[in-house]
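**Student:** Top line first, the protein sequences correspond to chains G and A. Throughout the first sequence, residue numbering follows this note's numbering, covering 1 to 311 in sequence. Throughout the second sequence, residue numbering follows this note's numbering, covering 1 to 311 in sequence.
It is possible that part of the hints are untrue.
[Said to hold, decoys possible] Result set (BS3-like, lysine-lysine): computed pairs, CA atoms no more than 30 Å apart in a straight line:
hint: 1; chain 1: A; residue 1: K298; chain 2: G; residue 2: K142
hint: 2; chain 1: A; residue 1: K138; chain 2: G; residue 2: K215
hint: 3; chain 1: G; residue 1: K215; chain 2: G; residue 2: K62
hint: 4; chain 1: A; residue 1: K192; chain 2: G; residue 2: K20
hint: 5; chain 1: G; residue 1: K259; chain 2: G; residue 2: K282
hint: 6; chain 1: A; residue 1: K78; chain 2: A; residue 2: K298
hint: 7; chain 1: A; residue 1: K139; chain 2: A; residue 2: K188
hint: 8; chain 1: G; residue 1: K188; chain 2: A; residue 2: K192
hint: 9; chain 1: A; residue 1: K195; chain 2: A; residue 2: K138
hint: 10; chain 1: G; residue 1: K205; chain 2: A; residue 2: K192
hint: 11; chain 1: A; residue 1: K78; chain 2: G; residue 2: K286
In short, the hints are calculated from the structure, not lab data. Given the structure is predicted, the values throughout are model-derived calculations rather than measurements.
Letter by letter, the chains look like this.
Number of protein chains: 2
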Amino acid sequence: MSLLVIGTVAFDAIETPFGKTDKIVGGAATYAGLAAGHFYDRVKIVSVVGNDFPASEISDLKNRGIDVEGLQIKPNEKSFFWSGRYHTDMNNRDTLITELNVLADFDPIIPGSYQDCEFLLLGNLTPNIQQLALSRLKKRPKLVVMDTMNFWMDVALDNLLDTLTLVDVLTINDAEARQLSGEYSLVKAANKILKMGPSYLIIKKGEHGALLFHKDEIFSAPALPLADVFDPTGAGDTFAGGFMGYLAKIGIIDFNTMKEAIIYGSALASFCVEKFGTERLKSLTKDTITDRIQEFVKLSSFSIRNHSELT
Amino acid sequence: MSLLVIGTVAFDAIETPFGKTDKIVGGAATYAGLAAGHFYDRVKIVSVVGNDFPASEISDLKNRGIDVEGLQIKPNEKSFFWSGRYHTDMNNRDTLITELNVLADFDPIIPGSYQDCEFLLLGNLTPNIQQLALSRLKKRPKLVVMDTMNFWMDVALDNLLDTLTLVDVLTINDAEARQLSGEYSLVKAANKILKMGPSYLIIKKGEHGALLFHKDEIFSAPALPLADVFDPTGAGDTFAGGFMGYLAKIGIIDFNTMKEAIIYGSALASFCVEKFGTERLKSLTKDTITDRIQEFVKLSSFSIRNHSELT
C-alpha cells in the first residue's frame, strides 16, 4: 500500500506584493508530497532534478518519511525552473521564466518498490507523461487523481482527453473547467466533464473554495478567508496532496470521505499560502492542522430551525 | 411590528444571452418586498412610481399581503427606468439606459401606520435618502440593514460613510467591500468596515456565495451551483429581502439566526435568477422553498471523523 505522487520537483523564483525570493524549492510533487505526508506515512515520489538540486533538500524529504527512490538525479543537467510575479489580487500571475531543463525529456520510471501503489496522484505534467506513468503500474491503483492546467488544453487537448478516460478524479480550476467543457455554467461543465472519464470532478476556486461533483451530487467547500495571502504558489498542489493523503489514510473512496478530504486539502492549502514556498508546510504540527480543520467546521456550519415555525 | 422596505419600484428592460424583455416591473423594493413576503406577513414598502405604473401591479403586491400605503404615485411623472445588458458570464453588465424620472426628487414619506417598524431595509438609494427615511422613524428599529453600491462610493462617499454610522448591517459585494475599505483581503476589508458603524457585514459574492462578518466570527454561505442563470437582475435585493423577512419572522437578532437568514436569502436569490424579472419569485410555494433550503444543507454539510484516527 502506498500513495504515489508523480510531478515536478523544481526551483521557483517568486515575486508577490509582499516580497520576492531567490530560487527556492518548489514543484508540484514537492508540495503534494509534503502535504500528503501530514496524513499518510507511505508517500512516494516520481520526479526528476538536475545536479544543481541540493542534496540537503532531498534528505529533508526523506527525513519527513517521503520515499524518493523514484526521484531521478541527472548529473549533467539543470532542474526545472519557473519564475513568476503575482498581481495585487494574488489570483493572477505573469510567468517571467520557464526553463524546462530536465523536464524536457522526463521519463517517469517507476521503481519496483513502488508497484504497491494504491493511490496515484498525477501532478500537472504533459498528459502523455501522466498516461505513461499510469501504464507502468502493473496493477491499476484503487484511485487515480489527475491534476492538469489550461496550457495542456491549448497544446495537447487530444492527449489530455485520452488520459482523462483513464482517471477517477480530475482537479482543475473554474476557468479550466469552462475551457475544457465549453460551458460557462459549472454545473453544465461538470456534467460534460464527468462524461469524459473521471467519476469525480473537483473544481478549485481559490479564495472561493472548491466544488466536488459526482453523479448528481455536489459539495461546496468553503475557503478560509485569510487576512494575508503571502504566496499562492503550490496551493493547488498542496490541496491535491492533502486530499490524497487523507483518502489514503482513511482508505475509503466515497462521496462523504471525499468531502472530508477536500476540507483537509483546503486546510493545508490555507497554510501553504501563509509563507513563501514550502516553509509553512514544513512547520505544521498535528494540533495546528486539527485547529484549522475546526475553523473550517465553524466557518461553514449552520442549522436550520424547524420549518413549522415558518409561514 | 413590521418590516419596512425603502427602495425603488421601477421598470427594467433586460438583455441576457437567453433573451430580452420589454419594460417589466423591477426595482429593489419590489424584489425585496416579494422575497420578505414569503416569510413575514407585515411587509411595508416606501417608494415612488409615476402614472405609467400599472395599477394591476400595485394590486398584485397588495394581494400578496404587502402594504403599499407608502408607495407614492406621481400623477404627471414617469417611473424610474433602467435598462441593461448582461455579458455571457452573467456577472458583468452594461447599463444601457438610466432614467431617474420620479426618483430624481424622491421624498421618502413614512405613513403614520408604518411607525411600528422594527426591521428596516434601506434598499440601494442615495445615502441621503436612506438617512432621511431612517430619521423619520420616531422609534429606532430593532434592526437596520443597508444595501448600497459602488456608484455611491464614487459620488457620495461622505454621505455614505455618515449613513453607515447609523446602521446595524451592511450588504455589499466583494468589489464594493474592497473599494470601500481600500483593502484587497476581505478579512481586512471587513475589519475596517465593521469600524465604520455596522456590527454585521454581509459580503455578497454572487455565484460564490456570501460571507457574514461579526466581531471575530465569519460565516461562509455557499451559493447553489445552477445549470442556468437566466437573469441575475434583482438577485441581491431578493437576497436582502429574504434575509430580512426571515429575521423578522424569527424575531431574534444574533449570529446564528443571521446565518440561517443568509441561507434563506440565498435560496430565494437562487430562484430569482431562474426567470426574467420577478416571475419566479411570484410563483414560489412554501414547499418549493423548503426543498431548496434542504439543497443548501446537503450542498455544504460535511462531518469530520474522529481525529484520533489520523497520524
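**Student:** Could you grab the alpha-carbon distance between K298(A) and K142(G) and see if it respects the 30 Å cut-off?
**Tutor:** 27 Å, holds
**Student:** Could you grab the alpha-carbon distance between K215(G) and K62(G) and see if it respects the 30 Å cut-off?
**Tutor:** The hint is violated at about 39 Å.
**Student:** Is the hinted pair K78(A) and K298(A) satisfied, with a Cα-Cα distance of at most 30 Å?
**Tutor:** This hinted pair is violated, its Cα atoms lying about 46 Å apart.
**Student:** Would you check the hint for K205(G) and K192(A), treating anything up to 30 Å between C-alpha atoms as holding?
**Tutor:** 25 Å, holds
**Student:** Do the alpha carbons of K195(A) and K138(A) lie within 30 Å of each other, as the hint requires?
**Tutor:** Holds, at roughly 26 Å.
**Student:** Between K259(G) and K282(G), is the straight-line Cα distance small enough, at 30 Å or below?
**Tutor:** Status holds; Cα separation ~25 Å.
**Student:** Within a Cα-Cα threshold of 30 Å, do K139(A) and K188(A) meet the stated pairing?
**Tutor:** Roughly 34 Å separates the two Cα atoms, so the pair is violated.
**Student:** Can the restraint linking K78(A) and K286(G) be considered satisfied, given a maximum Cα separation of 30 Å?
**Tutor:** 65 Å, violated
**Student:** Is the hinted pair K138(A) and K215(G) satisfied, with a Cα-Cα distance of at most 30 Å?
**Tutor:** It is violated: about 56 Å lies between the C-alpha atoms, which goes past 30 Å.
**Student:** Next pair to validate is K188(G) with K192(A); report whether the Cα-Cα distance is within 30 Å.
**Tutor:** Given pair K188(G), K192(A) is violated - Cα atoms ~38 Å apart, limit 30 Å.
**Student:** Going straight from one Cα to the other, do K192(A) and K20(G) come out at no more than 30 Å?
**Tutor:** 28 Å, holds
Violated hints for the displayed structure, listed by number in ascending order: 2, 3, 6, 7, 8, 11.
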